[in-house]
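Let's have the full structure, built from the sequences with the hints guiding it.
Number of protein chains: 2
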Amino acid sequence: MSAREHVLGLDLGGTRVKALALTPGGEVIARETAPSEGSDWQERVKGVVAALSERLGPPLVIGVAAPGLAASDERSIASMPGRLPGLEGLDWSAWLEAPRGVPVLNDAHAALLGEVWQGAARGERDVLLLTLGTGLGGAAMVDGRLLRGRVGRAGHFGHITLDAAGAPDIVNTPGSLEDAVGNHSLPRRSGNRYTDTATLVRDAGRGEPLAAAIWSRTVRDLAAGMVSLINAFDPAVILVGGGIAEAGDALLRPLAGELDRLEWRPAGHRVRIAKAGLGDLAGAFGAARRALDLHGFHIP
Amino acid sequence: MSAREHVLGLDLGGTRVKALALTPGGEVIARETAPSEGSDWQERVKGVVAALSERLGPPLVIGVAAPGLAASDERSIASMPGRLPGLEGLDWSAWLEAPRGVPVLNDAHAALLGEVWQGAARGERDVLLLTLGTGLGGAAMVDGRLLRGRVGRAGHFGHITLDAAGAPDIVNTPGSLEDAVGNHSLPRRSGNRYTDTATLVRDAGRGEPLAAAIWSRTVRDLAAGMVSLINAFDPAVILVGGGIAEAGDALLRPLAGELDRLEWRPAGHRVRIAKAGLGDLAGAFGAARRALDLHGFHIP
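Protein chains in written order, with the working numbering: chain A, 1 to 300; chain B, 1 to 300.
FYI, nobody ran anything at the bench for these hints, they're computed from the structure.
Fair warning: this is a prediction, and the values are worked out from it, not measured in the lab.
Careful: at least some of the hints might be erroneous.
[As the list claims (entries may be wrong)] Simulated coverage check for chain B against chain A, where a stretch passes if three residues somewhere in it have a Cβ under 8 Å from a Cβ of chain A:
1) 138-151
2) 231-241
[What the hints assert, rightly or not] Facing chain B, from chain A, some residues (calculated, C-beta under 10 Å):
3) Val-142
4) Phe-157
5) Thr-161
6) Ala-165
7) Asn-172
8) Ile-230
9) Arg-261
Virtual Cβ for every residue (Gly too), placed ideally from N, Cα, C.
Here you go:
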């Protein structure tokens, strides 16, 4: 009904597509979701866009966040083996019949842009995002610019090593941060006592010795990985997002203790560690922001 | 005598200051060096600049590379504990009485700019530099831009971890890449049999078992560190410089073998590993280039 000026941010996940309609200032006007499983997910994404356009009128611009490595021209996801058949190489500008080009970003890259725009790193220029979930992903902004890299892989922080002599992870990194911290490896790390980090953290909080020991080790490993990233990227702030970050202070407090021990603090400079602020909407916010920037819209 | 248009690049090291006079196209016109030890090193740097100016006329611009963390306004080194007394906070534009501002860069950052301009990464946009010497330093260019970070620390690749349970290094990183590879730790790593990596590599090449084992381990650790950096920064090329890189193929060949095992190569993309091309002049080249860029000179 409304004809209010707005931008659409789409975040395509393995199970759902989330869409936000935002003012150019970042205020949420409307949201939609739809399942993204099954072979007709592309039609359902189109349906979400059509539904919002019917309610709100046509958007100024559209941006897309999706898993995988984005092509350097930002028109598609160039590489995403396995999930979401048809995503690789799909030209979103053509598919959505958008009058203006639709930029496509890696989902973690988009989440970082979202957090800098409207989340827990507002106004920052040197930011890392670590998403701690089943696996471990991330993104980097340095000197005010999101890092892409040669094949769009920058920020794959799950695949830094914590143990050069360790077992290879899914992309051959020995003893990786993802394998040390990600939920997927918790059964192995706990002798099959835990399958879910939330339960582990709850039991650790109750003083259960095995849980406390595993959680301490997890936090120590995360801190060691953060220290590598601090010395390599020199951020002002590191945001932690994803399901494991829902532990909140049960994560942030022991993490601060580890960083007191491990972090290089030249001239007293200390990196701020904070929980990401936009939850699972960060990617949609960031996709929208990228579309506004790409097409030169003024951001109030 | 000549009045040929030129730019000066100064690289201040712990023992020597090197100065290059270059055309804006990067051709070397003249070079000077002077010792930088002792309390009067600042006067001697000024003397080098004066000597070149007398021979060549005044330079268009001057750039400086120096150890430590450069201030974000690029006018000084903000943090450099220990060596070169008086370097911290010295305003080079004022000290050299240069009519145009003199940018000051961290020496590894400058070396990377030099290598991209006139060295082994010419024309590349996604480049990491690792300097392998007594310690291990580095710098990163991503998407065509040199990374500085919040306090100018970006690229301190010596201080990423290879062993989260290891002993802390000089800035508290546990089991660091610097401690695994840098020449400074070779006595410890070899049970005091070696103090110098060149000798280690020579003996390894002769089939001496202890030397071969230590060198293999060193190369494996370097490869693991590189893999972390590849997945975090996504470079097209990694340059290796510094004394240890003088091993040439004795380093690059086994390193390639380790990377075949450890590197993530999405869609077959493989990072090129190469020896840096400008030796100990890279910093002076890069400092000159930064000064040209800062003042908007056309680079042929």
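- Query: Are Thr-161/A and chain B close enough, Cβ to Cβ, to be under 10 Å, as the hint says?
  - Reply: holds (5 Å)
- Under 10 Å, Cβ to Cβ, is where Val-142/A needs to be relative to chain B, so tell me if that hint holds or is violated. holds (5 Å)
- At a threshold of 10 Å, is the proposed contact between Ala-165/A and chain B supported by beta-carbon distances? At 8 Å from the nearest chain B Cβ, Ala-165/A passes the 10 Å test, so the hint holds.
- Task: Verify the interface restraint on Arg-261/A: the C-beta must sit less than 10 Å from at least one C-beta of chain B.
- Result: holds (7 Å)
- Cβ contact check, 8 Å cutoff: the stretch 138-151 of chain B against chain A, three residues minimum: Satisfied; 9 residues make the cut.
- Query: Taking 8 Å as the C-beta cutoff, is the stated coverage of the stretch 231-241 of chain B by chain A satisfied by three or more residues?
  - Reply: The restraint on the stretch 231-241 of chain B holds, since 6 of its residues have a Cβ under 8 Å from chain A and three suffice.
- Minimum Cβ distance from Ile-230/A to chain B below 10 Å? holds (8 Å)
- Message: Take the shortest C-beta to C-beta distance between Phe-157/A and chain B; is it under 10 Å?
- Response: Phe-157/A check passes; min Cβ-Cβ to chain B is 6 Å, inside 10 Å.
- So, Asn-172/A near chain B? Judge it on the closest CB pair being under 10 Å. At about 5 Å, which falls below the 10 Å cut-off, the nearest Cβ of chain B leaves the hint on Asn-172/A intact, so it holds.
Hint compliance for this structure: no hint is broken.
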